[in-house]
Amino acid sequence: MKKVFKQIISSMKVDDTNNKTTPEDLVEDHNGFIPISASLKKSENEFNQTFDKNYDFYLEKIFVGKQQGLLLYLTSMVDLTTVAETIRTALANAYREKKDVSTSTDFVNFGKEYFSSNDTVTIQYNHEVSWYVLSGYTVILVDGQSQGIAISTVTTENRAIAQSKTQTIIRGPQDSFTEAKGTNVSLIRRRIKNPHLKFEQFTVGKDTQTSVCLAYLDNVASEDIVVEARKRVKEIKSSAIFDSGNIEEFISDRVITPFPMLYHTDRPDTVSSNIIEGKVAIIVDGSPYVLLAPVVFTDFFQVSEDYYQGFMMASMLRLLRYLAFLLALLLPSIYIGLTTFHHQLIPTGLIVSIQAQREGVPFPAVVELLIMEVTFEILREAGVRMPRVVGQTVSIVGALVIGQAAVEAGIVSHFLVIIVALTAMAGFVSPVYSFANATRLLRFALIFFTAALGLFGTLTGFLMIIAHLASIRSFGVPYLAPMGPFILEDQKDVFVRLPIQLMKRRPNYLHPKKDVKEANKSLPSQKKEEST
Amino acid sequence: MSRKKFLVTILLLLLGIATGCWDRKELDQVSLVTGLALEISEDDAFSLTIEAINASELNAQTAEGLAPTITYELKGLTMAELLNKMNMGITRELNFSHTRTLIVDEKVAEEGISKFLQFLEKSGQFRNDFQIIVAKGVKATDIITTTYPIQKVPSMKMYEQFTTIEETWGGYPQSALTDFVFSLTSEGRHPVSAAVTVKGKPEEGHNVDDNKDLDLDAVLEYSGMAMFHNDRLVGFLSVEETRNYMWTQDINRTTATAPCGEDGYFALQIYNSHTKVDASFENDVPKFTVRVIIEGDIHDNQCAHGLDEISTYENYQKIMEEHLEEKLTKTITSVQENHGVDVFGFGEHLSKQQYKKFKEHVDDWDEEFSHAVIDVVASVYIRRDGMRTKSFIDQLDE
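Respectively, the protein sequence lines represent chains A and B.
According to my numbering, numbering within the first sequence proceeds without interruption in unit steps and concludes at 532.
According to my numbering, numbering within the second sequence proceeds without interruption in unit steps and concludes at 1398.
Don't read these hints as lab results, they were simulated from the structure.
Even glycine gets a Cβ: it sits at the ideal position worked out from N, Cα and C.
Don't take each hint at face value.
Derived, one-sided and incomplete: chain B residues facing chain A with beta-carbon distance under 7 Å [unchecked claim]:
#1 ASP1023
#2 GLU1026
#3 LEU1027
#4 ALA1055
#5 SER1056
#6 ASN1059
#7 THR1062
#8 GLU1093
#9 ASN1095
#10 SER1097
#11 HIS1098
Work out the full structure: start from the sequences and follow the hints.
In structure tokens:
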């Protein structure tokens, strides 16, 4: 199967030997970089030609001190107030003071002196001019000099930081990431004030030139993982990246698996705590979802709120999440298996009750179940896709018409509605959407297995899932760690969460450089002993 | 993976689907059988009646007031054939996994029931915890056609009733298929089973409308136990005697009554009991000592003996010990003399304690049993006395 898949992939591949995705791609011919021309006239023609047929390209001849110069920017990308207040004021001052920028050093100093409050870059080549103009910088060129300065005037038109919509918690920070990378980085920086926190930047996407950030603690995160993540991000060959989901597919260890190979979240506190543990975060400009790598199976049952409330309640809720996962995965299969194969396993009172309800239902139990499951999936998809304005109709039609009417019409039994509803609710318990989707998919597979072979089929399917889970790795870390391989020390934060004082070490399976998180943490009772 | 392997995988997957789902049965394609009744019929044949559930009548929402069970009777020679032939009159395939009772008519039991049990034990369809019950004084079919307002299915009514009586009063002999077969094959023990009768007019109980009467015309009643010589019925014990029998078999919980004076009785609720049997041979006569050690609370005291006096407890313990010894001895002697079958399992005890001696008498064990010397020694410990120590009866006397 792998081979077939590989063949399909290779047939879809195009020759991309020269397909590098860096700012250098903007160079028309790959023969070499063309330096900025010292002649203003030449440069003017050059850039007018590059940004031909662009209504928002703005080019103006100005005076830089005593010298003649050019001002370039895209009106759609820059904040025009900043351009007017900072750049034009500075230029006017320089003109009044007859600033001399005829030499190279003078010009660089001019940039530093007059635009100190903005991000200023000295640039050498034509393609760099284009790149910075496209990125929302304002570029100043001066006659007789083969260099320019690019001043950041990027417009900050962004969605405000709002509450997390997909991973809500009751107690704990409520903010969430936005589409702007800068905001996201600042949300993490504000939480981890540590010079070891690194944000490595890469540019990915041939056409979109999307910036991607790797965030990690360089004195904690395992070198292997960081190197691997860096390598994978660099190797992405894509023309367009719009969301971290695109990146996720490129850097996953394995594509043919229903389970997510990376953790995605829009909660800055989750990302920060995982970085502290020794994971790598991948921030993609334009996406409010930050990826975390490596990821293990048990991560999908942990919520940041587990650490904000008492450990007993947190442990109970975590066990409940495991139970819900099993229910979402197995409940419909078990129902089918028991009611069509293994009547002897149901207590007499219950089997009589189910039988009474199934009297007159025209379909086999598995068809009945599939009708309801598919109906539910349609309703769910409709609920996600439909315009918010008509959203209320879905709930009315879904709950009333489909649910109740189907039972009253005798197409499905009451008991089955309970099964489907409980399964659906259990599916929503998982804190990560992509993981919940995996259970959705596998649930159907298990239903078919059971319909053919009874509970033997359920077990076979379940064992196949476990075998698959045991075979996959995320960034070199076994997916079932710390359960398989079993690591005793890491059990403190898997099925239950122990009191925070006992969690002194980082998870072993991440191979952190510093495995001790907090050496002198101790329980209140231990503290008393120490003081006496 | 090579193309060949890929094909094999696909074929194996298809094989799973192509199994034909041989044991797949929708719930609405089966009838759950809860009870079986065996009766004698002319010429070697016997008649088998099944009691199958009509599920919609047992659900409050779908009930229409029709019969909660369907009974159907067929005559034939083997159980296996009859059960598969039932569809002569029953629409759906029968499912026996929830069978609760096997009712045996007295006459069938007298002729021997092992030929019926053979099939039940062999077949994988039966759960082996159903109870074997002898219909005492009534036809076996009457038992599974007598309704009850709460558990409308007669077999389920009996099963639940037996579980309850075993927990509360304790005088119920477990007679599941496994117990029965175990006793049957054991050399030093004969099987027993529960006995059930219908109190009232059996014909009246056949109608669901009977459930509308506050005073039921017919009620299924537990009436002690039946004793077998191998697989043949030899006699019955009353409910009271059954409890005495159960004392010798480790009873869990019961309430015993004994006289406390000339004008009254006291009752002891027993919550802990242990029975030990010592077996030996004296002058070539088997001798058994049944030691019953019980703990209990005083739950009834009709006499004016204050329970704040330690002497009352000592006195009561003594009375109860004597009372138990007397009653148990009486029941055992009666079985020895009247039936001569060792349903108590004394032979088993002997075979464990004096194997060589037992081996000598294994062939005529019932004969040996009937003249065995059996002593009962009871030790009673009264632990508590309920909510009040001083009875108001005390004050009446003053």
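Against the structure, the hints come out as follows:
no. : hint    : verdict
1   : ASP1023 : holds, 6 Å
2   : GLU1026 : holds, 5 Å
3   : LEU1027 : holds, 5 Å
4   : ALA1055 : holds, 4 Å
5   : SER1056 : holds, 5 Å
6   : ASN1059 : holds, 3 Å
7   : THR1062 : holds, 5 Å
8   : GLU1093 : violated, 11 Å
9   : ASN1095 : holds, 6 Å
10  : SER1097 : holds, 3 Å
11  : HIS1098 : holds, 5 Å
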